[in-house]
Amino acid sequence: MSEILIKNASVCDPAQGINCETMDICIRDGKIVDSVSENAKVIDAEGKLTMAGGFDGHTHSAGKINVGRFINPNDARKNLVPGLSGQVARTEKTRAQVGYNTPNTYAIGYRYAKLGYTTICEAAIPLLAARHTHEEFKEIPILDKMGLSLFGSNWQVMEYIRDKEPEKLAAYIAWGLKASRGYGVKIVNPGGGEAWGWGKNVSGLYDPVPNFDVTPAEILMGLAEANERLQLPHSVHVHCNNLGKPGNYATTIETMKLFEKVKPSRDRQSLHVTHVQFNAYAGTSWRDFETGAPMVSDYINGANHLTFDLGQVIFGPAVTMTADGPVEYANSRMLHEKWSNQDIELEDASGVVPLFYSPKSFVNAVQWAIGLELALLVKDPWKIMFTTDSPNGGSFVNYPEAFTYLMSAKRREEVISGFSKMALDRMVLPGIDRELDFYELAVMTRSAQSKIYSRPEKGNLKAGSDADIAIYDILPGQIDPATEYQKVKKAFSGAAYTLKDGVVVVKDGEIEATPKGRIYWVNAKVPENIDSPMQKDLDLKFKKYYTVSKSNYMVEDMYLENPVEIGTEGVF
Amino acid sequence: MPVIKDAVCSLCGSLCDDITVTVEDNKITKIENACILGHSKFVGMFEHDRIETPMIRKDGELVPVSYEEAIEAAAKILVNSKRTLSYGWCSTSCEAISGAIKLAEETGSLIDSTANVCHGPSALAAQEKGSPSASLGVIKNRADVIVFWGCNPVHAHPRHMSRYSSFSKGLFTEKGRKARTMTVIDVRKTDTAKLADKYVEIEQGSDLLLVTALRSIVNGHEDVVPETIAGVPKAEIIELAETLKNGKFVCIFFGMGVTQSRSKYKNGDAMASLISDLNQHTKAVMIGMRGHYNVTGFGQVATWETGFPMAIDFAKGYPYYNPGETGANDLLVREEPDAAIIAAADAGAHFPQKAVRHLARIPVIQIDPYANPTTELADVVIPSAIVGIEAEGTAYRMDAISLHMKKLIDSKFKTDEEIVKDLTVKVRELKRGA
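Residue numbers (the numbering used here), protein chains in the order written: chain A, 1 to 572; chain B, 1001 to 1434.
No wet-lab data here; the hints were simulated from the structure. Using N, Cα and C, we set each Cβ at its ideal position, and we do this for glycine too. There may be inaccurate statements among the hints.
Stated by the list, open to error - A few chain B residues that don't get close to chain A, going by computed Cβ distances all over 12 Å:
{"id": "1", "residue": "THR1029"}
{"id": "2", "residue": "VAL1063"}
{"id": "3", "residue": "LYS1129"}
{"id": "4", "residue": "VAL1187"}
{"id": "5", "residue": "LYS1194"}
{"id": "6", "residue": "VAL1200"}
{"id": "7", "residue": "GLN1204"}
{"id": "8", "residue": "LEU1208"}
{"id": "9", "residue": "GLY1220"}
{"id": "10", "residue": "LYS1264"}
{"id": "11", "residue": "PRO1319"}
Said to hold, decoys possible - Label-pair ranges, simulated between beta-carbon atoms:
{"id": "12", "chain 1": "A", "residue 1": "ARG77", "chain 2": "B", "residue 2": "LEU1430", "range": "27 to 35 Å"}
{"id": "13", "chain 1": "B", "residue 1": "GLY1317", "chain 2": "A", "residue 2": "ASN523", "range": "39 to 47 Å"}
{"id": "14", "chain 1": "B", "residue 1": "SER1162", "chain 2": "A", "residue 2": "ARG77", "range": "50 to 58 Å"}
Said to hold, decoys possible - Just some of the chain A residues that point at chain B, by a computed CB distance under 8 Å:
{"id": "15", "residue": "ARG69"}
{"id": "16", "residue": "ALA76"}
{"id": "17", "residue": "LEU128"}
{"id": "18", "residue": "HIS132"}
{"id": "19", "residue": "TYR329"}
{"id": "20", "residue": "ASN331"}
{"id": "21", "residue": "GLU345"}
{"id": "22", "residue": "VAL548"}
{"id": "23", "residue": "GLU556"}
Using the sequences and the hints given, assemble the complete structure.
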């Protein structure tokens, strides 16, 4: 039995409504408990902000990121955030580290932990390539991991939707999650991946997918129905059509409206829209491009069925990586950049293109502003997960920097002062004076995630929850984040302590221990009489179209370290 | 008698996963679906030159020893070395590769794969221009225009054309070969070229010229192309460009004829640009025809564990990458390593003379199921089980799709994964002792 007593912590735990109150936290055998014996090891947290471990709900950290590493060896040497990037030699405790936007697997684990993060959700797992994602998961130390499986341009999905077979569709989703050991349903540019199979794209919710006689709207509704029928812990997780295009805010709002009629089967949202910054653009071309954040936030403020994450831009180099194949090709042509593409048979597309966000570019400046506008204009922080869609908007190691933008209008003004007049005309950020406090920040970085992913043991400090805890050397009330933002950044850049399952993994910003995290995956039960005809259809797909056999497609148990199987009951 | 279905063939980068294997008394007695190369690997395991026991060279002769003695001797070589080269790791599992990288990190070694003499330039090309690719099933289901450039799948990847490319049938390619245009570009009329609709014979080492001419035409600048280029008449190049532009889905498969001939990585670089340009007209991708069944896996594992796909130097404690300086042959030609560990590859047979001469002068550890020219240079020889037959593990197909290889029969040999693990433990032990 191992016990820890965190004494006199300044606790910020939104799940319990605790806003920076001084209290003790007790830990026994990796869980938070009400009390411990006097033999407990004591951590003195007096004067230190204490929160549940951070939870990155949308990050590209395993799988496709390897293409990013592969084509950008220059990234390995980048050290733009000292202590959290660049080349670091191995030590007795840690493996060698490289990288900034696309760090090696070990660096991903260590650096998230240094920021006080303890759980990540990989944003896109292609079913056929899922084994690869899990191989990388295995080499990411410390963190608990989960991933979202791609279904948005899948032949079997589109055929079941076209043929109006919702039960078989749900059975297929359950099978796909099991095959890929995924946690939820990811939909990227619905139908667009299939169109990209012919070098084309879909232009909106009602543009039919070539050869499949379904529309993106039908794909979204079909998958949402299946998601709720299976009572999955997460809602569908949607990357909207028309990402990155001026005027796309209309498609985004239209997509959100579509879900007003979807009834969630659990106590959570019925829709999560991801990296909305990239989907909140107004204007008709790059010439008259401007922010669409006010319209999108207005809609979200009046809606109660959805959550979203930001996809905040960080100035400097980034690497875009997405299952949205046509977007990446367009990026590469527009920016004259190298282009990687990987279409996945019967399932989806993907691409990787590096880019650079410059404050001198009015488009990039407006993109930067849009992310912050969304965070500040949407009133309820429980609807928001803070992300940079790492490394699409920028590397996760910049989170502390981004927190200062959210917490300090003065800091924002400093950045904005470098923008061109044209950029300023196209954004509303300069007129926003809202500044988030630590409580709201805690909501956006851990507590909302717990709710959005139905992981009650994460993102809070209730008795019974996992003892994943971040202790930062900063005391709310004694510092003013609006003016002392450099102190905020410093404190969040290297936790005084990070505990993972009650083990001190970071102390004074340095790695102390590197335990292995868990893998969460969802096993949704489907009745035999529905599963079995679906399997027959699937057998045909494997016989005629796939180039691997069905038995070799499924990710085997041996690839999952510390797996946690989340069972759900499908309603048929 | 046990019949094992859907076994993965561990021979070439096609990684066919539909092999049926019958095992009787721990012997493979029947193989179904494999090509002649795969078949010969499955049934011929003991007909080839298997290393029967661990060996250490004493007085110029390799003499049998136990695994423990061999591993101890190997560990001593590594501990006493100031500059170790670790090379190969391509005909083995990702798990063994991962162990090898860890060992290289702990011993400050330089680790490189067979890509150094194969598709290494493709990686450099991807680092210049990216890698516009697709999984092989996309080609099967969609591609109506297929080009084989500087590769000869009839002999190197015998089932490639039936499973993935020319002859395969899919959702949008129901007519298979009949509805596909197949072009072969090579310096000689190979057996693959004999099956093509169109064979374009180019002068050796002129691939870059032809790619550039094609790009000019595809981008509407055919006026700049001379009457003959790369030994090919302009009219023929225009025809080829039209074929590419008019396809619904184009795939260029390229081999070592492109990567290891004159202009090396510049060929792949230009080809990626051609693919990007073609996508202004149609859909096009390119896929490298990787040879060793898991050379792709080395690149994948090394990239996620170190940030780089090959030629990784741990001398400074962190990974340093600079091909041309940190490639296996760069190092050997500079006579830099004072010890080498060579596994699941044959440097003795495939490296240039000067590199091999240096290998002959330094202590060499070999880990391999088979005796080969490297064995003649080796001072410690550690035999291993054959992955995909006697050991399980992960491998990556040429299109970067990973598959789990099954263990089909028992073996008296340790696996590569176990050997690397034992070696790492021994090295730590010796270091601690010192």
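A quick look at each hint next to the structure:
1. THR1029: holds (22 Å)
2. VAL1063: holds (36 Å)
3. LYS1129: violated (5 Å)
4. VAL1187: With a cut-off of 12 Å, VAL1187/B remains clear of chain A, as the shortest Cβ separation is near 29 Å.
5. LYS1194: holds (25 Å)
6. VAL1200: holds (24 Å)
7. GLN1204: holds (28 Å)
8. LEU1208: holds (18 Å)
9. GLY1220: Given that every Cβ of chain A is farther than 12 Å from that of GLY1220/B, nearest at about 16 Å, it holds.
10. LYS1264: About 17 Å separates LYS1264/B from the closest Cβ of chain A, which puts it past 12 Å; holds.
11. PRO1319: Answer for PRO1319/B: violated, closest chain A Cβ roughly 6 Å.
12. ARG77/A <-> LEU1430/B: 27 to 35 Å: Cβ of ARG77/A to Cβ of LEU1430/B: about 33 Å, so the range 27 to 35 Å holds.
13. GLY1317/B <-> ASN523/A: 39 to 47 Å: holds (42 Å)
14. SER1162/B <-> ARG77/A: 50 to 58 Å: Because 44 Å falls outside the window, the suggested range is violated.
15. ARG69: holds (5 Å)
16. ALA76: holds (4 Å)
17. LEU128: Because about 6 Å separates LEU128/A from the closest Cβ in chain B, which is inside the 8 Å limit, the hint holds.
18. HIS132: holds (5 Å)
19. TYR329: holds (6 Å)
20. ASN331: Violated, because the Cβ-Cβ distance from ASN331/A to chain B comes to roughly 11 Å (cut-off 8 Å).
21. GLU345: Constraint on GLU345/A satisfied, holds at 3 Å.
22. VAL548: holds (5 Å)
23. GLU556: holds (5 Å)
This entry does not satisfy hints 3, 11, 14, 20, going by the numbered hints stated previously.
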